[in-house]
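From first to last, the protein sequence lines are chains S and X.
Heads up, the first sequence is in the numbering used here, so the first residue is 1 and it goes up one at a time.
Heads up, the second sequence is in the numbering used here, so the first residue is 307 and it goes up one at a time.
Don't take each hint at face value.
[As the list claims (entries may be wrong)] One-sided excerpt, in silico: chain S residues whose CB lies under 10 Å from chain X:
| # | residue |
| --- | --- |
| 1 | 22 |
| 2 | 23 |
| 3 | 24 |
| 4 | 77 |
| 5 | 99 |
| 6 | 192 |
| 7 | 223 |
| 8 | 239 |
| 9 | 249 |
| 10 | 255 |
| 11 | 258 |
Calculated from the structure, these hints are not laboratory results.
Being a predicted model, the structure only gives us computed values, none of them experimental.
Note that the Cβ used here is the ideal one computed from N, Cα and C, for glycine as well.
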Amino acid sequence: MAHPKEPGLVLLPDSARRALGNLQFRPGVLAEGRVSGLHPSSHQGQSLEFSDLKGYASGDDPRGVDWKVYARTDKLYVRRYLDETNLEAHLVLDASGSMGHPAEGRSKLEHAASMLAGLAWVMLRQGDEVGVHVAHETDPVSTPPRAVASHLNEVLAALGAAEASRGTVLDRTLERVVGVAGRKGVVVLASDLLTGWEDALSALRLLAARGHAVVVLHVLSHEERTFPFRGTVLFRAAETGESALMDARGLRRHYLAAFQRFEFEVRTACHRAGVFFFPVDMRSAPHEGVAEVMRAVAAGRRTAAR
Amino acid sequence: MGFESPWMLLGVFAALVPLAVHMHLRRHAPVVVMDAVMRLVLTGGRTRVRLRLVHAALLATRVGIVALVAVLFAEPFWRRPAGAAVEARHPVALAVVIDDSLSMRLSSGGRTAWAQARSRVSEALAGLPAESEVWVVLAGRPFQAHPSGPTLAGRTSAGWDADTPARFVSERNPSRTATDLAGAVRAAASLVRSSALRDRRILVASDFLDHGLDGFPAAADLAGIEARAMDVGPASSPRNRSISRVVAEPAPDVSPRHVRVRVEVENGGDQVLDEVVTVRLGRSGAARKVSCPPGGRCSHEVLMALEDGALAGEARLPPDDLPDDDARFFPVAPRDRDAVLVVNGEPRRLLELDEPFFLLRALGLRLEDQAGLPVTTVRPEELSPLHLSAVGAAVLANVPSLLPEQVRAVADFVASGGGVLVTVGDQVRPETWGEIWGALLPAPIRDVVGAGGPPDPGETVGWVSPDHPVTARLGAGAGSLSTVEVRRWAVLEGSWAQGSQVVARLRNGAPLIVERRIGRGAALALLTSIDADWTDFPLRPAYAPLVRQAASYLATAGGPRPRASIEVGEPRRIELPEGADHAVVTPPSGSPVRVTVTDDYTGTAVPGVYRVEAFQAGRTDAVRAEAFVVNTAPGESVLTREQGVPAALASADGPAAGTARPGSGSPPFRKLALVPHVLVLVLLLLLAEAVLRGKA
Chain S
1 MAHPKEPGLV LLPDSARRAL GNLQFRPGVL AEGRVSGLHP SSHQGQSLEF SDLKGYASGD
61 DPRGVDWKVY ARTDKLYVRR YLDETNLEAH LVLDASGSMG HPAEGRSKLE HAASMLAGLA
121 WVMLRQGDEV GVHVAHETDP VSTPPRAVAS HLNEVLAALG AAEASRGTVL DRTLERVVGV
181 AGRKGVVVLA SDLLTGWEDA LSALRLLAAR GHAVVVLHVL SHEERTFPFR GTVLFRAAET
241 GESALMDARG LRRHYLAAFQ RFEFEVRTAC HRAGVFFFPV DMRSAPHEGV AEVMRAVAAG
301 RRTAAR
Chain X
307 MGFESPWMLL GVFAALVPLA VHMHLRRHAP VVVMDAVMRL VLTGGRTRVR LRLVHAALLA
367 TRVGIVALVA VLFAEPFWRR PAGAAVEARH PVALAVVIDD SLSMRLSSGG RTAWAQARSR
427 VSEALAGLPA ESEVWVVLAG RPFQAHPSGP TLAGRTSAGW DADTPARFVS ERNPSRTATD
487 LAGAVRAAAS LVRSSALRDR RILVASDFLD HGLDGFPAAA DLAGIEARAM DVGPASSPRN
547 RSISRVVAEP APDVSPRHVR VRVEVENGGD QVLDEVVTVR LGRSGAARKV SCPPGGRCSH
607 EVLMALEDGA LAGEARLPPD DLPDDDARFF PVAPRDRDAV LVVNGEPRRL LELDEPFFLL
667 RALGLRLEDQ AGLPVTTVRP EELSPLHLSA VGAAVLANVP SLLPEQVRAV ADFVASGGGV
727 LVTVGDQVRP ETWGEIWGAL LPAPIRDVVG AGGPPDPGET VGWVSPDHPV TARLGAGAGS
787 LSTVEVRRWA VLEGSWAQGS QVVARLRNGA PLIVERRIGR GAALALLTSI DADWTDFPLR
847 PAYAPLVRQA ASYLATAGGP RPRASIEVGE PRRIELPEGA DHAVVTPPSG SPVRVTVTDD
907 YTGTAVPGVY RVEAFQAGRT DAVRAEAFVV NTAPGESVLT REQGVPAALA SADGPAAGTA
967 RPGSGSPPFR KLALVPHVLV LVLLLLLAEA VLRGKA
């Protein structure tokens, strides 16, 4: 996806920055950040948000005794408050050959990269750590998570450099994410899941079980959803090079049935694994999709209305 | 399988068009890079396999449609055995023509053509649906239809139910008659056309040899009828040899009791015939080694003595594959109606003075519309019944006397239909003639009178019967009898027998030509000489016409006579002579048949000698004995097969009809048109293409 223009301007134009400028991404997960941030921490801390009461024990700070409770119960309790920390996010971009399918003037890969760029921009602005993993045909290209503002350029560069390859190592990429995502955070996968989605979902299921907020952006073009072709068409697979001369009108019924079955299976599997599943409508701008996803995740909706 | 228009099969190459279109689209069709299609539908799974199969089937279907259309225009047909082709799903009007002639007895490979035809016809009839109308026409001459009238579907003629045709065929045996295949097929066409059923068919089972195909109906004559051939002919022309003709003629140069038997042998084989011909006549026999080149006809003579009572004989060759024509029967003296026997009563060394000099020239004269008559001349002492039986008329020219048995033979000859012209002359003795010839003349001769010898003028003819056949055609003037001068003539007694009449008179009223009807024949008497001794009649223009008219009249005076030699199946008239009340016909099988009235005898199915004896009531000795012979038709012995199955059978039902190669001997085949089947197949493929296109 090499572009002569600045990668940041391509993936994250000013219009997207303006639209996302007022948004915050709060996935609601109990984060295990290194520094304070916007997200609730799994540890007790000094924030103003009450957590629970705890029986007083020797060594506890007497300033924390809740005297009103003592007056009612004649026992000593200590008030505890939640901690707030930053979030570690891993953005995974599927750069398989099928992601190169052009639609609406750009490829699915570009659209997915733009969405992840917008998400990275929002999270970096709120102090979260963002790392990027691009699943290529060979070993994945990873950018470790960092929380500095200048890291955005590295993130955009990594996303902008992604090109659709013939195959993909999405499952191996996610296994790497499982390995490096030691602290609870967010894992976002942008993929069409056309290649080995069962293996990918196993890794995502493991991440979700560890307490990560796992989000799947199912990137498919409008053509892939509606199959608008007519006449005799030579269909070709970018990844395998296979081709078939088919009558598109007759094939449409079979394709749509298979597609609905595929999407249903993926959606159901994600739901059962506790993974946020969001079909991406490529007809809308990437930042609009990002905003919708962020709102849905913050609201705890597992899916977003398309 | 075959094709009416095989060159149309070149259109099969058009079947490559769908393949070419497929390849073209594969190269030039819009390309969509879309992994989702390949991943979700076309890679793995039943859908992918099914779609691949559907597309392959669709392509194959389109190729098949184009190829079948080309095949359709080539008009394919399927060869099926004719027997099976008779099978029908609905009632048909079927006439089965079976050739039961002599040639169908020909044995080939231990089985006769008739056996093959009977077996295959029975199989064909077994497959017919009920309610079918079936006739069986036997093509041996004369052809016979069974039943003769139209049958009614479901209500067959009396004794002719659904199983009868097959049973009838299985019980029949071939005849020894000639073939009337053409007549039989025409009769079959008439029969099936009389049916109300619309599906009309004729099945002709025959060896289709050339001798039976004359006058065979053309295709147009069988329009509307599906005519098929069941060819049971030999694979190749068999090497048949036969005796085609046997004639026994008197041999007066040897003795009055000898006959020359001339045997004609026909060698239809491709090798020289070296065989022994055995000739039997009565109890005597003779054998002669004969040799005949391939394809030739050879004649050999055998001189045999004629025994008393011998009426017929036989000549025989060693039997071959068609044994019935290896024997031939002959009457001792088959009567030649045109032949004339002249009994010369006054032979002279000087030819011009010979009694029958003028007579023989007149009989041998070639006229405008007829050739000269064959004449046999004998002396009075040589005259025998054998001579008389060989001719239609006899002339007794100035015969002085005859033995009593000779007189009886002449009388019997006349009574049985023959004719005799009696002329007088110097040898006539009224005293002896009255006794001897009283049975032939209207009355005995009383005297011989005349005006003396030349140059004295005689009497001229004064009256001629204008109605009598002998004189009716004589003209007036120079061609008439009016100028004839008669110097001497015989005078008869005054009391004439019944049935006598005067044909011509002299100017003085004396009868010159008289006639007496005796039995079935007639006797004419010229009461002057037949030469120029007593009259100048031989020198007049009227002489030759009158002699020829008299010979013709006498030969036919008894009306048509039963033939002494007939072919198998022909009726033969059995006539009861005067006084007889019945006759017994003894065929070769030896089972006598009693005949009480003059009628046609039809039991002539077997070749051989048939003896006929007439009896008077209450007597055991025959008043008359004769014989006739029955032979096979010579044409049936010619087993050439160059024409093959008639074209009418091949084209009667259009492109759906056909036959095997002529003379193959193999079962004939019928062309079953496959065009409707292919058309249905094309329509089914078009339907399949539409369905597959919807599923693809």
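Structure-based check of each hint:
Evaluation of the residue 22 of chain S hint against chain X yields a violated restraint, the C-beta minimum of about 36 Å exceeding 10 Å. The interface hint given for residue 23 of chain S is broken, as the beta carbon of that residue sits about 31 Å from the closest beta carbon of chain X, more than 10 Å. With 10 Å as the threshold, the beta carbon of residue 24 of chain S stays out of range of chain X, its nearest partner Cβ sitting at about 35 Å, so the hint is violated. The beta carbon of residue 77 of chain S comes no nearer than 59 Å to any beta carbon in chain X, farther than 10 Å, and the hint placing it at the interface is violated.
Contact between residue 99 of chain S and chain X, as hinted, is supported at the beta carbon level, the nearest pair being about 9 Å apart and thus within 10 Å. A cut of 10 Å between beta carbons decides the hint on residue 192 of chain S: the least distance to chain X is about 7 Å, and the hint holds. For the restraint placing residue 223 of chain S at the interface with chain X, the shortest Cβ-Cβ distance is roughly 7 Å, inside the 10 Å limit, so the hint holds. Annotation: residue 239 of chain S was flagged as interfacial toward chain X, and the flag holds, the nearest CB pair being 6 Å apart, inside 10 Å.
For residue 249 of chain S, the shortest C-beta to C-beta distance to chain X is roughly 9 Å, which falls under 10 Å, so the interface hint holds. Because the smallest distance between the Cβ of residue 255 of chain S and any Cβ of chain X comes to about 5 Å, under 10 Å, the interface hint for this residue holds. Taken as an interface hint, residue 258 of chain S checks out: its beta carbon lies about 4 Å from the nearest beta carbon of chain X, inside 10 Å.
Hints 1, 2, 3, 4 from the list above are not met by this structure, while the remaining hints are.
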